[in-house]
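Protein chains: 4
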Amino acid sequence: MKFGVIGYGYWGPNIVRNLMNMEGVEMLAIADTNAAARKRAHKAYPSVTTTSNASDLINSTEIDAVAVVTPVWTHYDLTKQALEQGKHVFVEKPFTSNSAQGEELIELAERKNLTIMVDHTFLFTPSVVKISELIKEGTLGKLYYYDSTRVNLGLFQHDINVLWDLAPHDLSIMNHLIEATPEAIVATGQGHLNGHEDIAFMTIYFSDKVIAHINVNWLSPVKIRTTLISGEKRMLVWNDLEPDEKVRVYDKGVKITNREGVYDLLVNYRSGDMWAPHLDQAEALHQELSYFVDCLSSGRQPFNDGSSGLRVVKMLEAASESLSKRGSLVYL
Amino acid sequence: MKFGVIGYGYWGPNIVRNLMNMEGVEMLAIADTNAAARKRAHKAYPSVTTTSNASDLINSTEIDAVAVVTPVWTHYDLTKQALEQGKHVFVEKPFTSNSAQGEELIELAERKNLTIMVDHTFLFTPSVVKISELIKEGTLGKLYYYDSTRVNLGLFQHDINVLWDLAPHDLSIMNHLIEATPEAIVATGQGHLNGHEDIAFMTIYFSDKVIAHINVNWLSPVKIRTTLISGEKRMLVWNDLEPDEKVRVYDKGVKITNREGVYDLLVNYRSGDMWAPHLDQAEALHQELSYFVDCLSSGRQPFNDGSSGLRVVKMLEAASESLSKRGSLVYL
Amino acid sequence: MKFGVIGYGYWGPNIVRNLMNMEGVEMLAIADTNAAARKRAHKAYPSVTTTSNASDLINSTEIDAVAVVTPVWTHYDLTKQALEQGKHVFVEKPFTSNSAQGEELIELAERKNLTIMVDHTFLFTPSVVKISELIKEGTLGKLYYYDSTRVNLGLFQHDINVLWDLAPHDLSIMNHLIEATPEAIVATGQGHLNGHEDIAFMTIYFSDKVIAHINVNWLSPVKIRTTLISGEKRMLVWNDLEPDEKVRVYDKGVKITNREGVYDLLVNYRSGDMWAPHLDQAEALHQELSYFVDCLSSGRQPFNDGSSGLRVVKMLEAASESLSKRGSLVYL
Amino acid sequence: MKFGVIGYGYWGPNIVRNLMNMEGVEMLAIADTNAAARKRAHKAYPSVTTTSNASDLINSTEIDAVAVVTPVWTHYDLTKQALEQGKHVFVEKPFTSNSAQGEELIELAERKNLTIMVDHTFLFTPSVVKISELIKEGTLGKLYYYDSTRVNLGLFQHDINVLWDLAPHDLSIMNHLIEATPEAIVATGQGHLNGHEDIAFMTIYFSDKVIAHINVNWLSPVKIRTTLISGEKRMLVWNDLEPDEKVRVYDKGVKITNREGVYDLLVNYRSGDMWAPHLDQAEALHQELSYFVDCLSSGRQPFNDGSSGLRVVKMLEAASESLSKRGSLVYL
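Protein chains in written order, with this note's numbering: chain A, 4 to 335; chain B, 4 to 335; chain C, 4 to 335; chain D, 4 to 335.
Where hints are given, some of them may not hold.
Since the list gives no way to pick out one identical chain from another, each pair is judged satisfied if it fits inside one copy or across any two copies.
To be verified - Mimicking EDC-like on lysine to aspartate or glutamate, the simulated pairs with C-alpha atoms at most 16 Å apart in a straight line are:
no.	residue 1	residue 2
1	K133	D276
2	K328	E186
3	K226	D254
4	K133	D243
5	K5	D67
None of these hints come from the bench; they were simulated from the model.
From just these sequences and the hints, can you work out the full model?
Laid out in structure tokens, this is it:
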């Protein structure tokens, strides 16, 4: 499987490094419009061709698959060209700038029998893999909520607000973990510096009384990456900044009994052991790219395919609409 | 100054204990409809009269001031009776179940020349006192946001939802700290057990691009009491669960310069020292009750008076309206 | 069972409070040479007699048992008098100022058929109870070490050094948890202010390659109460300052295999789940005093009896000897 | 300046990476007896010669300086050969297996007018640089103690015990920070698995009542890297595992006044602000290697020279002697 990578800025080097060390993969070319980036790429991988022109990769008949690791507003064009040239595409999140673009690309890929994978790397972290297992096994019981805080100082993006920058992580994780159907979204937020919102909050109403909330912020003095997920049987805290024991499962719960009248209801709190399952040390991006190669070889459709990426874009669109009204309920 | 206390459940004993040890205060009577509560009160303070009937206190000609430490839905009636009998009133937060009640009580107190103080205890904690000083001195610069997370397991209230239970803390603190004017509120949330929302989120839009957010939750496996407050010059984290160094001030900031076009803007991040000011060890409730006694003696109007309590109730009403629509923008 | 308490300073009030609320116990009298202490005692418990003279309690024919909650150097005299007057004695740790005193008191108690309990409160904390269970059940496997850090700012004691002040906690816990025999002690330390050591370190060599270490310090800017206990099968961390999950058990270990030559040995690290058992919320001192009353009623010998207290004193003596030589090995 | 590096195992790659990117430095050759290591080196740096034979580097007339990044027991031979061939030497800590070797190498280097630098990397971390400044400026006042805990699970070394593996970090830092003279050492410890001590404790007595203590352990379930340093005026905690604010300075202290008799002494505790100075993000090894190159160019003697490395070895020897007697006082 022969690869080209478009974009060698912040994230591209990680993709190239993983592809370089992967069985059955050959890294042929790297494209970046920035000369300094090309120079860095060449120094690190003298054997790989570098070019300023993405079309060189896209049109190359040697290349089977292309990774698009560029700003969001370029995803649609580059992915479209690549698909048209018969390339499979691994594209950064968020998939596209709007859902119409996403739908068109999905349709094009289907027609050409090509695979799109959207890089929702977090789905391949040992933490999310473990949480997903716990939920599927029923360890948490019926889900109550997903509440994530993802804040730090910067990095301010120039073309998108903090919601489009940071919330895709949580939206993709949520969609992966929660079986209930997302129904409506409310988003609020404020920009203070460059016009784009730098702090934003998003509530997603699901069926079955499941609710999700996402707090994203580029203006926080401290970095926080904490997600609370509670269910009827157990509750968990995922603190991604913990060096070990990122996921802690609490055998805690609340039961309301003897509900004969609102003032007679008895609330029972259960508080048992806490348990932090051992997590593998695997690098998520390596797992994801291996899975991409596997899917291409086997013809299997990845679960983080274009449709999955599109769902996230639709949620971001709904959030943007709500945000523009300073917080109205927008149905999905 | 002679006091009676109505309600000796969870919080009442703290009020009684503080009044018992206060210079110039005499604790005369405790009322509680619950016999076990009265028994506990009598055992702890044999010299204080106990009664099942709040009217005994309210009508007593010996008593100057009454503390109303009962469920929210009883505040209006008890406060009204006490004011009518010429008593000053120290009443639990939230002040009343709705703003009409609050307005009526304020008007009544004014007419009778009596003082209402609403027990927003947090305003008297060393942390809030210090944060207030820092903001007033300009240490933080122009405020950007207030973002608070106040979650834990329980205690489920029977008569109110989690917003009415926990958000009054943040609403009163916010109103105390933020000079800008609150303009509109969006609230979302979900109930899972007894009909009332057990998890809720609230955004408050202020003038001058200040935004506040409150995350309250009775279904969290862990207790979190963390507030981020950022300004143009500095940012702070108030973690009320830290035994020491509850307030940490970060000399961090972001500056956008050279804004000639959206892609040329330069974002400068500043990251300097962190500093945790020493905080007094004073008990907030003691400070507050002393202040109440001072206000009564001097005839001064407390800053946490009825009007201050009413502002919080109006915000809760707006939040309830928003919540009932699953998150629409409600103007204040 | 009728009690008198001698000493109403820092710890005495906790003992009185617990005895006041205990079934089958009557608190008759409190002795303290300090008038302010007596005043506080009287205010809190008007029904209890207060006296400046410990002999009043000791000689009272009404009193069955005496709690000695005074500085270490007074323990011997007061306990001896009490035993001579036929009283059971609950005495603060450390038991006595030297082992000769302890031996005499034990012998006297035996002769008079009276019970001595030494107040090693930590043995009754839910944490130590749980750790003891885990070790007895074999969860940790063969023990490797016990390593405790117990540091904070102050409280400087006037009559004893930091080792006699803080190490008795760990020594009693260690003796309770470790089955192997303590064989020898090395202690080092330094005084900086009042002549007594304010920082000290103690190593205890046990049989079977078990080793214990205690780090105590009155000059630490932060409070630390962390104990590591490792065994062949599992390891645990007890952090007494954690509000929840004070005890965390790690399924971690090291195995050395294939030891054919020093450079060919293979070290295998095992790293599995972490688990924090739920702990009861019981107040340790209440549990201990109940147990004392039980022992008196049933004639059972408490496990934290005079002999147990004497073992701690002997270790402190050995440590003092080692410390005076700046760290020689002293056999027990 | 042309470099060769001997040893490309765990630490060698970091040295090579830094030298590759350093102005005025040319990396010519890497030696390692392990074929897999050589293969990795070649893959990462195809332009650098690799060899199985360290003598190839040492005898090369092109090479000016050699980095010896091999097990301790090989340091003496390799460094000696390199010095004899006129090479400057950058050698891993601990410098040598015993002090006689160290003395011989220092003498040889002096005779040949060559420079030895011992790789005590921690001295170049932003944390130690800052702490050193704080102490030199008098911020802490007269020093009281240095107390370090450096524990984790593994890595078991085959040729040395935990003291020789982990304590050199603290010994070099201590020697760098503390002006008083180290006078005597007491070490205790125990081995449980492969004969070498896997847990050990070391007290170092200095002049002027300064005391240091080092707790090292390969059998800890959790990683701890915490050092307390207290002085008369201020105290600090250095937690090397904190992502930010590694160094926290506490404006805390104790003063003993009015010392007319042991029971009348007054202990005053002062507790003021905490302050975490901003630290640079510089990579310590890069700083150290730049400094090495600077010293070679300028002919300046590095402060972490052979003599500095020898002081650490002498302390380790004294500790080993004490350890072999299970903890006697050994004078330096």
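I want to check one pair: K5 and D67. Are their C-alpha atoms no more than 16 Å apart within a copy, between two copies, both, or neither? For K5 and D67, only the intra-copy Cα distance (5 Å) is at most 16 Å; the inter-copy one is 43 Å.
Alpha-carbon proximity between K133 and D276, which holds within one copy, between copies, both or neither at 16 Å: Only across copies: K133 and D276 sit 12 Å apart there, 18 Å inside one copy, limit 16 Å.
K226 and D254: within-copy, between-copy, both or neither at 16 Å Cα: The answer is between: 15 Å across copies meets 16 Å, while 27 Å in one copy does not.
At 16 Å max between alpha carbons, let me know whether K328 reaches E186 within a copy, between copies, both or neither. between (18 Å within a copy, 14 Å between copies)
Can you give me the call for K133 and D243, within, between, both or neither, at a CA distance of at most 16 Å? Within one copy only: 13 Å inside, 29 Å across.
Of the numbered hints given earlier, the model fails none.
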